[in-house]
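Whenever a hint applies, use it, and build me the whole structure from the sequences.
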Amino acid sequence: MLAFFLAIFFAVFTVDAKSFIHRGMELPEGYTEAPITWSGFDSHAAELAGLTFNGTVENVMAKLEAMGHPLEHPDPELNITSIKSKDGLPTKNRYRKCGVGGRGEVAVYPINAGVRYLWGLSDDVKCGNQPKTCGQISCSWWSAIWWCNDHYAPMEYKCNDMAVYAADVAAHCEAHNRCRGESGETGYLFRVVVGRAYEEC
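Here the sequence shown stands for residues -17 to -1, 1 to 184, where the numbers follow mature numbering (1 follows the signal peptide of the UniProt record, and there is no 0).
Hints were generated in silico from the structure; no laboratory data involved.
Predicted, not measured: the structure shown is a model, and the values here were computed from it.
Check before you lean on any hint, since a few could be wrong.
With beta-carbon atoms standing in for the labels, derived distance ranges [said to hold, decoys possible]:
hint : residue 1 : residue 2 : range
1    : A28       : T169      : 36 to 44 Å
2    : G33       : N76       : 31 to 39 Å
3    : S26       : G170      : 26 to 34 Å
Computed cross-link-like contacts, PhoX-like style, restricted to lysine-lysine with a CA-CA straight-line distance of at most 20 Å [claimed, not checked]:
hint : residue 1 : residue 2
4    : K115      : K141
5    : K80       : K115
6    : K109      : K141
7    : K109      : K46
We put the CB at the ideal spot given by N, CA and C, even for glycine.
Next comes the structure, spelled out in structure tokens:
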């Protein structure tokens, strides 16, 4: 009888342990997770000059609204397939891989909402990330968009560039209104990952 209960105990413990480390399985192997750093809101309001924010685009918009400087909400009618980068991205070195990222598939609708938020940001707004690090750049309804920096040094890009790659996943890794995948650049060494978040958002 004791052996039976011990077997049950270790079986439960093993399942819990696996679910605990599942967080690391959201990200590319060997990567860590850290908040994205946002800057460049000076043109939006003089009081924001020099300020930086951490988190997702939804977090940042909420913080700015609380400070009395709300950003315009994106056009809900914006055609996602019409989104094109303004500075030559994506390049011929772009790649796409479906069926990877996060804990699983997510509904396309909240991903497209995140894409619209990102695309609506001005070119002055920059997103920074640490080396070999992924950070959530958008998250709502358990549906996350990560930006992963594949460089060995900190990097910064226009935040609205990430909308192009998230839209690419939503458009080309979609089946039955759900999607999951990554789209990135081997030359610029970054990737955008779309999938189910580990924590509610």
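Status of each hint after checking the structure:
1. Taking 36 to 44 Å as the suggested C-beta distance range, the pair A28 and T169 conforms, at roughly 37 Å.
2. In this structure, G33 and N76 meet the distance hint of 31 to 39 Å, their C-beta atoms being roughly 34 Å apart.
3. Taken as a hint, the range 26 to 34 Å holds for the pair S26 and G170, whose Cβ atoms sit roughly 29 Å apart.
4. Straight-line distance between C-alpha atoms of K115 and K141 comes to about 18 Å, which keeps the hinted pair within the 20 Å bound.
5. About 19 Å separates the Cα atoms of K80 and K115, which keeps this hinted pair within 20 Å; it holds.
6. Between K109 and K141 the alpha-carbon distance is near 4 Å, which keeps this suggested pair within the 20 Å criterion.
7. Of the pairs offered as hints, the one joining K109 and K46 holds, with about 16 Å between alpha carbons and a cut-off of 20 Å not exceeded.
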